[in-house]
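K.L.:
Protein chains in written order, with this note's numbering: chain A, 2 to 487; chain B, 56 to 499.
Misleading hints may appear alongside valid ones.
What the hints assert, rightly or not - Taking lysine-lysine pairs in the DSSO-like style, the calculated list, with each CA pair at most 27 Å apart, reads:
(1) Lys-109(B) with Lys-65(B)
(2) Lys-208(B) with Lys-381(B)
(3) Lys-128(A) with Lys-276(A)
(4) Lys-147(B) with Lys-208(B)
(5) Lys-271(A) with Lys-488(B)
(6) Lys-185(A) with Lys-77(B)
(7) Lys-147(B) with Lys-175(A)
(8) Lys-208(B) with Lys-185(A)
(9) Lys-250(B) with Lys-63(A)
Claimed, not checked - Simulated restraints on C-beta separations:
(10) Phe-261(A) with Ser-435(B): 33 to 43 Å
(11) Asn-87(B) with Gly-264(A): 32 to 42 Å
(12) Gly-264(A) with Lys-93(B): 27 to 37 Å
(13) Ile-70(A) with Ser-492(B): 33 to 43 Å
(14) Ile-385(A) with Thr-436(B): 29 to 39 Å
(15) Lys-493(B) with Ile-70(A): 51 to 61 Å
(16) Leu-35(A) with Pro-386(B): 55 to 65 Å
(17) Leu-35(A) with Lys-93(B): 51 to 61 Å
(18) Glu-219(B) with Arg-60(A): 32 to 42 Å
(19) Ser-492(B) with Trp-270(A): 55 to 65 Å
If you're looking for bench data, these hints aren't it; they were derived computationally from the structure. Backbone N, C-alpha and C define an ideal beta-carbon position, used for all residues, glycine too.
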Amino acid sequence: MVKTLNTSSVFHILGYLILLIGIMQLLPLGISLLYKDSSSTGIIISIVLSILSGLLIIRFTKKESELSIRDGFLIVGLGWLFMALYGALPYFFSGSITSFTDSFFESMSGFTTTGASILTDIEAMPKGLLFWRAFTHWIGGMGIIVLSLAILPILGVGGMQLFKTEVPGPTTDKLTPRVKNTAKILWIVYVGITFVEVVFLLFGGMDLFDAICHSFATMATGGFSTKNASIKAFDSSYIDIVITTFMFIAGANFALHYKFLIGKFNSYWKDFEFKTYLFISLGVTFIITFSNYLSGIFTSVFESLRYGIFQTISIGTTTGFVTSDYEQWTSLSQILILLIMFIGGSAGSTGGGMKVIRIIVVIKHSIIELKKMLHPNAVIPLKIGKRIIPKEITFSIMGFFLLYISLFVIISIFMTILGLDILTAAGASASCLGNIGPGLGNVGPTDNFAFIPDIGKWVLSISMMVGRLEIYTILVILTRGFWRKR
Amino acid sequence: MNIIIYGAGKTGQYLAKIMSSKGNDITLIESNPVLCNKLRTLFDISIIESQGIKKDVFNRELFSKCDLFIAVSSVDEMNIISCSAAKKTGAKKTVARIRNNDLDFMDEQIDLIIHPEKELSRELENLLTYPSAVDVYELYNRKIMLISTLVSKNSDIVGKSLGEISKLYPLNNVRIVVIERGIKAHIPRGDFIVKENDKFFVVSDREHLKDIFKMTGYNGGEKTKNIMIHGNGKLVETIGLELENRGGFNIKIITEDETRAEHFSETLINSLIVHCEATDINILAAEGIIEMDFFLALTENDETNIVTSLLANHLKVNKTITRIEKTDYIPITRTIGLSRCVNSSISTSNAIMRFVKHGKVLSSSTLKGTNVVMITFQVSTDSKYVDIPLYELQEKIPKDSIIGVIYRDSKPIVPSGNDIIKPGDEITVFSEKTSLSKVENMFG
């Protein structure tokens, strides 16, 4: 029989996840040995610890029965927590980040593709760890549960529910009847596009290491760079264009990319969310470009466009790469940057934020409410493209919207209690909840999160996870009803 | 295999669950949006919501990949039309379930037409023919029987191990494949100690069935004569006609529906039709239920069937057949003392499964109410496990699986320890779901 909560089964699967994290650390170890940097011993200790504890958990638990809905939430929630904990070990044991809080923050920021860092001097980090930072982005972007679904046979039935909790967006369509195959397709598309970006970046004169790290960070919409000055360090319009393009691709629905690649070329144009996403990106770019140019921040339209489009796409897709300090821009530009932080990428992308589709639904719903004031008895369905959105999904999205805003406010208030100024607190909160990276004020594009008190770092780390797993997954675990036997 | 199922009723869901667990890609087309949402979270299959047959669903894109289309919606006509639409758009094979019509001539569009009533009726007939059996299945063109029977307390095998029993009853052409105790099914080994009320699943040819019943404590000479049937559907008519044709039975049919009663009295000439409440003990007694060998509860309502069967049990008719459509109820029937039950979803699915050829797998079906799957497939010529006597081979295959039948040169063999499997043989294996793929890999 299916129990409501099956701790042994849950931990059995978590054991495999931890084992997987351990195995993944072999890659940065290889890089570290290749460059003969100082982090090798630390990474080895971390690998041994991860693999051993993973094996021990697998040994002492067993998969008893099919997974219940609660098991699914617990697996994803705890899975991400453990992932960040074990992912922090290489930083901590190599001594490159001395405090465990900082290591955890950096690791969580990596896996959730936030890209917020506590490092003051990135370039001083050993190459192995710089690679690990980018690699955590890449794994977290498409999601480790989705990866496990694709490669591990352990999850079995109930996989769809896990899949839904990790893939962003209010509704998740399967591309094939089996979750496993859908997960495989998504990962193959993801790996493929990443590879193409690496090739393009190599043409732009980046070395292989930087090209790979930046591609990982771009495709995951992460934002960790290997340079202190982020993408600005390369100061090449070619690299700007390549990264802008790929950030935009990463912020769109991967199911659309798949459909495009198998020959349905009009799939983008048929998708209302994609059109809106494109419209928002171009519209905001346009306004920012002219606002900055007319107020004399940039001397030429071209320059204003180059930085405007990069920064708009970077923040809009929640990547968080920087080529220009937007805090020096006009107030109009800054408020727009703050706005698109909340909107985020498309459903089914690697981007964060609230997702374009949810914003569309919220706006359309409000318009319908207005119409109903005039025609109280009218039946007006909420349509997106030709599809009617069922009431339950609309309500679920309204709830999400409300929770998102409330969490943003609560976290901001908490940060001000810790002594941050209003702008910094709001910036940090929006940035972490939306998995963006740079915020405003003292956590702006040229700053970092190092100065925030430890307790603040923990809260922000958890809020990154809440944001990445789209709020409901984590909050439901925290309700009393979840743990009740009835 | 890529399978599209039209209609997510009980049979559709059962098929989706079973076939998806066997590694097929299932797409389910259903009109009820609430049901669609529920199933989306339950099964790892893709679900399309569609009211009727729509152009954007029945298109080449979806159906050109379709290996098998199964129409099991509640409306016969829709099943036929959807099959022909599926064929037109590229489905390779189509199966339709037809309940209330005689449309066998439609067979150029439809590869297999299934009448659930006929499948059920066949199963009922077998149960009535072998009253000591609890389930009866036919394999290999009805040459081999798979039956299940409960070990009676009179049997002298109670408390003995299977090894001892094989010395006590050196039976040829008989193989005990599965033993069900309580709600758990075991694939038995020589050291398995038999208890009273264990349910033996045995394969055998028809001639040796008697030996099995003797072994499990029945004298083997039981015959069915008096049968009482409760129900008013088409199934009652089908089984009634079948039994009348065979002759030798006294049939009483009880129905609450007056028009149906009149209809039955016209078609079933040799049966006595009684129009009354079946839950009324006095009427049942007056109609002589005590003299009945069998009571068949065949209404469309599971709960009614369970209650009337229990009533019949209470009135000392110990052989009842209960029609139960909710598969979730089947495991509990033994607990409440109803040993024989039939289910049209399962018998329909089994009929479809026999028709499906999945790679080298010729057919597969699940033993009712258990986790054990019976699977038939061809042994590949490069399998390493051929030409080994079965008693040795049994140590090599997974513990929870057993070889039941070997089919060679169009002759089925119920094997004993010294028989061997040759390349190219068809074999039927009984296995727990978990070890199924291992066994397939060994011989496939």
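K.L.:
Give a verdict on every hint.
P.N.:
Outcome of the hint check:
Distance hint between Lys-109(B) and Lys-65(B) is fulfilled; the C-alpha atoms sit about 23 Å from each other, no more than 27 Å. About 31 Å separates the Cα atoms of Lys-208(B) and Lys-381(B), which puts this hinted pair outside 27 Å; it is violated. Taking the CA atoms of Lys-128(A) and Lys-276(A), the gap is about 40 Å. The hint is violated against a cut of 27 Å. Of the supplied pair hints, the one linking Lys-147(B) and Lys-208(B) is violated, its CA atoms being roughly 52 Å apart against a limit of 27 Å.
About 43 Å separates the Cα atoms of Lys-271(A) and Lys-488(B), which puts this hinted pair outside 27 Å; it is violated. Proximity of Lys-185(A) to Lys-77(B) is assessed by CA-CA distance (about 19 Å); at most 27 Å being required, the pair is judged to hold. Annotation: proposed proximity of Lys-147(B) to Lys-175(A) holds, straight-line Cα distance about 24 Å (limit 27 Å). Proximity of Lys-208(B) to Lys-185(A) is assessed by CA-CA distance (about 55 Å); at most 27 Å being required, the pair is judged violated.
Pair hint Lys-250(B) plus Lys-63(A) does not hold up; C-alpha atoms about 30 Å apart against a cutoff of 27 Å. A hinted range of 33 to 43 Å holds for the C-beta pair Phe-261(A) and Ser-435(B), which are about 41 Å apart. The hint said 32 to 42 Å for the Cβ distance between Asn-87(B) and Gly-264(A), and at roughly 33 Å that hint holds. At roughly 34 Å, the beta-carbon separation of Gly-264(A) and Lys-93(B) lies within the given 27 to 37 Å, and the hint holds.
About 27 Å separates the C-beta atoms of Ile-70(A) and Ser-492(B), a value inconsistent with the hinted range of 33 to 43 Å. In this structure, Ile-385(A) and Thr-436(B) break the distance hint of 29 to 39 Å, their C-beta atoms being roughly 56 Å apart. At roughly 30 Å, the beta carbons of Lys-493(B) and Ile-70(A) sit outside the given window of 51 to 61 Å. Look at Leu-35(A) against Pro-386(B): about 59 Å separates their beta carbons, and that is inside 55 to 65 Å.
Taking 51 to 61 Å as the suggested C-beta distance range, the pair Leu-35(A) and Lys-93(B) conforms, at roughly 53 Å. At roughly 39 Å, the beta-carbon separation of Glu-219(B) and Arg-60(A) lies within the given 32 to 42 Å, and the hint holds. Between Ser-492(B) and Trp-270(A) the CB atoms are about 43 Å apart, so this pair departs from the stated range of 55 to 65 Å.
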